[in-house]
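*Asks:* Sequence:
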Amino acid sequence: MRVSETLVENLRLVSQRHVNPLGTLYGGYMLLWLVDSGSVAAMNFAEGNAALGFLDRIHFVHPVRLGDLVLFRAWVVGVRKSSMSVLVESYVKRGSELALATVGRMIYVKIDQNGMPQPVGKAVECDKGWEKLCGYFQQWRSWADSVIEAEGPSADASWHSVSRFLAMPEDSLDGVLMYGGRLLFRLDELAFIEAFSYYPTVYVTASVNRIVFRKAIFVGDIVEVKTGVTYVGTTSIEVGFVVEAYGFRGRRRVADGYFTFVNMAGGRPSEIKAPQLGDEAARMRKEESVKEAKMLRGLKPPEEEQPWLLSLLL
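Taking full-length UniProt numbering, I'd label the letters of the sequence shown as residues 1 to 314.
There could be a bad hint or two in this list.
[As the list claims (entries may be wrong)] Taking lysine-lysine and the DSSO-like style, the derived pairs with C-alpha atoms no more than 30 angstroms apart in a straight line are: (1) K81 <-> K215; (2) K81 <-> K122; (3) K93 <-> K294; (4) K300 <-> K128; (5) K286 <-> K300; (6) K122 <-> K215; (7) K273 <-> K286; (8) K273 <-> K291; (9) K215 <-> K286; (10) K93 <-> K81; (11) K291 <-> K93.
[As the list claims (entries may be wrong)] Label pairs and their calculated CB-CB ranges: (12) E271 <-> K294: 13 to 21 angstroms; (13) D174 <-> L312: 17 to 25 angstroms; (14) G247 <-> M295: 20 to 28 angstroms.
Calculated directly from the structure, the hints in this document are not laboratory data.
Backbone N, C-alpha and C fix where the C-beta goes; we use that ideal spot for every residue, glycine too.
Modelling step: build the complete structure from the supplied sequences, incorporating the hints.
*Replies:* Structure below.
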């Protein structure tokens with residue numbers, strides 16, 4: 001099967017319950033819908049259940065407003081023994097025109113009824129003209145392996161915020177495991193609260209990076225989220241998080257990563273009047289994210305139903 005043949009599409013209508021006080025799509029809903037699309041692509045290709053294992057470089061490129069139609073497209077771009085690399089893009093659809101809204105890279109793992117990895121059992125071929133996209137995802141996957149193997153953010157003494165919630169059946173697809181999209185929805189809210197507590201202003205989600213889903217969360221688990229500010233720039237603030245779950249299966253670290261928010265108090269990126277903060281690693285994450293987001297904003301619509309990210313690599 002070629003990469004282009006793995007494409008799945010769906011449309012969403014942005015209603016009143018989906019928007020933030022600015023009238024734009026709430027970041028948590030965008031993340032949930034992106035994961036929905038990626039999950040469908042992975043499960044359709046694998047012909048079985050698939051769980052989100054890693055998520056990276058989700059850029060919020062174009063604002064999505066109340067009443068907009070949002071088109072989602074997802075492709076399986078690479079396959080290993082039990083995992084799949086998935087590209088997900090979303091676009092604001094106004095009439096016949098599309099504007100790129102978000103881009104994200106994800107890794108899904110095929111699992112059985114007990115949440116254990118299973119062989120995918122098939123492969124994908126790269127389409128003619130898509131070689132750079134396939135090569136990019138091979139390199140990205142190798143880099144992702146190093147991030148997954150690392151320890152991730154650490155909740156140091158400056159991380160004062162701790163939130164807890166109970167994983168309920170409504171947070172799952174099967175009544176057993178918490179769904180990654182639901183966890184991201186919660187994390188976006190908690191990360192925003194951390195940013196607002198540090199410097200109160202109007203924030204929107206700008207990007208999501210290096211989120212590793214390390215172990216499963218089961219329905220009935222208590223989920224504990226620790227958050228802390230890891231970077232403060234001129235107009236943006238990065239929040240790191242560590243998620244632990246505990247219950248009858250003991251306590252374990254289940255996820256970690258970073259959210260970046262932009263101060264939009266003036267209706268446009270505005271200054272954060274707080275001392276700048278962040279180590280070299282945080283500054284590098286910021287620079288890489290800003291550079292790619294700028295390039296994505298400059299892309300023109302492809303002539304065919306190709307990933308917009310492909311245009312960036314040509």
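*Asks:* Are the hints correct? Go through all of them and say.
*Replies:* Status of each hint after checking the structure:
{"no.": "1", "hint": "K81 <-> K215", "result": "holds (19 angstroms)"}
{"no.": "2", "hint": "K81 <-> K122", "result": "holds (9 angstroms)"}
{"no.": "3", "hint": "K93 <-> K294", "result": "holds (21 angstroms)"}
{"no.": "4", "hint": "K300 <-> K128", "result": "holds (20 angstroms)"}
{"no.": "5", "hint": "K286 <-> K300", "result": "holds (24 angstroms)"}
{"no.": "6", "hint": "K122 <-> K215", "result": "holds (25 angstroms)"}
{"no.": "7", "hint": "K273 <-> K286", "result": "holds (18 angstroms)"}
{"no.": "8", "hint": "K273 <-> K291", "result": "holds (23 angstroms)"}
{"no.": "9", "hint": "K215 <-> K286", "result": "holds (27 angstroms)"}
{"no.": "10", "hint": "K93 <-> K81", "result": "violated (36 angstroms)"}
{"no.": "11", "hint": "K291 <-> K93", "result": "holds (25 angstroms)"}
{"no.": "12", "hint": "E271 <-> K294: 13 to 21 angstroms", "result": "holds (19 angstroms)"}
{"no.": "13", "hint": "D174 <-> L312: 17 to 25 angstroms", "result": "violated (36 angstroms)"}
{"no.": "14", "hint": "G247 <-> M295: 20 to 28 angstroms", "result": "violated (44 angstroms)"}
This entry does not satisfy hints 10, 13, 14, going by the numbered hints stated previously.
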